[in-house]
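Participant: Kindly generate the complete structure, drawing on both the sequences and the hints.
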Amino acid sequence: MAASPPMIPISNPQSESVAPTPATPALRSFLSRLSATVRHGLSQRRPWSELLERSSFSRPDSLSDSASRIRKNFSYFRVNYISLIALSLALSLLSHPLSLLVLLALLAAWIFLYLFRPPDQPVIITGRTFSDREILGILVVFTVVVVFLTSVGSLLISALLVGLAVVCAHGAFRMPEDFFLDDQDSSNAGFLSFLGGAASSAAAAAAPAVATRV
111 MAASPPMIPI SNPQSESVAP TPATPALRSF LSRLSATVRH GLSQRRPWSE
161 LLERSSFSRP DSLSDSASRI RKNFSYFRVN YISLIALSLA LSLLSHPLSL
211 LVLLALLAAW IFLYLFRPPD QPVIITGRTF SDREILGILV VFTVVVVFLT
261 SVGSLLISAL LVGLAVVCAH GAFRMPEDFF LDDQDSSNAG FLSFLGGAAS
311 SAAAAAAPAV ATRV
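Residues 111 to 324, numbered by my numbering, are exactly what the sequence shown covers, in order.
In short, the hints are calculated from the structure, not lab data. Where is the CB? At the ideal position from N, CA and C, for every residue including glycine. A portion of the hints provided could be inaccurate.
What follows is a list of derived Cβ distance ranges for each label pair [stated by the list, open to error]:
#1 R181 <-> P228: 42 to 50 angstroms
#2 S264 <-> F167: 28 to 36 angstroms
#3 D171 <-> F222: 52 to 60 angstroms
Facilitator: Pasting the structure below:
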């Protein structure tokens, strides 16, 4: 009786598949720091009821009085005013979904193709490998086109102007006589540290990835 032929081992192609690459540690660190600094900054805002207290509104006596009120109110309600401007931007973008999608695509391109892309993962499109300088040049050109040659730029500028108009109108008619300088100084320091923390977090998280490409 003839012996049965030996079995040929068959490899399972599924076992050789590469697992998807998780988010880079730099990106996770950046998002964590950004979330913490934003929460800290928002905790420094004044109560909205104080911002809209009717008894504190009056017509300014002169243009210089309006400028003085705006300066004092902006120092005191700084976080609230920044929130109002951000709300104006958000509402404008939500009312123009195409512009919002374009900005999100631009932001995603910067994050995943340059700022937080691991240096050992090249960008390959249609079989061609793009260098870091080429990727940077393409992103810069794309950003200039989106911001200056489309309606996205005018939309952002108009939203900023609307937010600034609301802030200036409130600051000019809100009487700042009941503010306390010590409390005001501590609020300014808190908000400035919030902005500095957010900026330093972004720089610290993106610096290692960018440094390898320079």
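Participant: Which hint numbers doesn't this structure obey?
Facilitator: As far as the earlier hints go, not one is violated by this structure.
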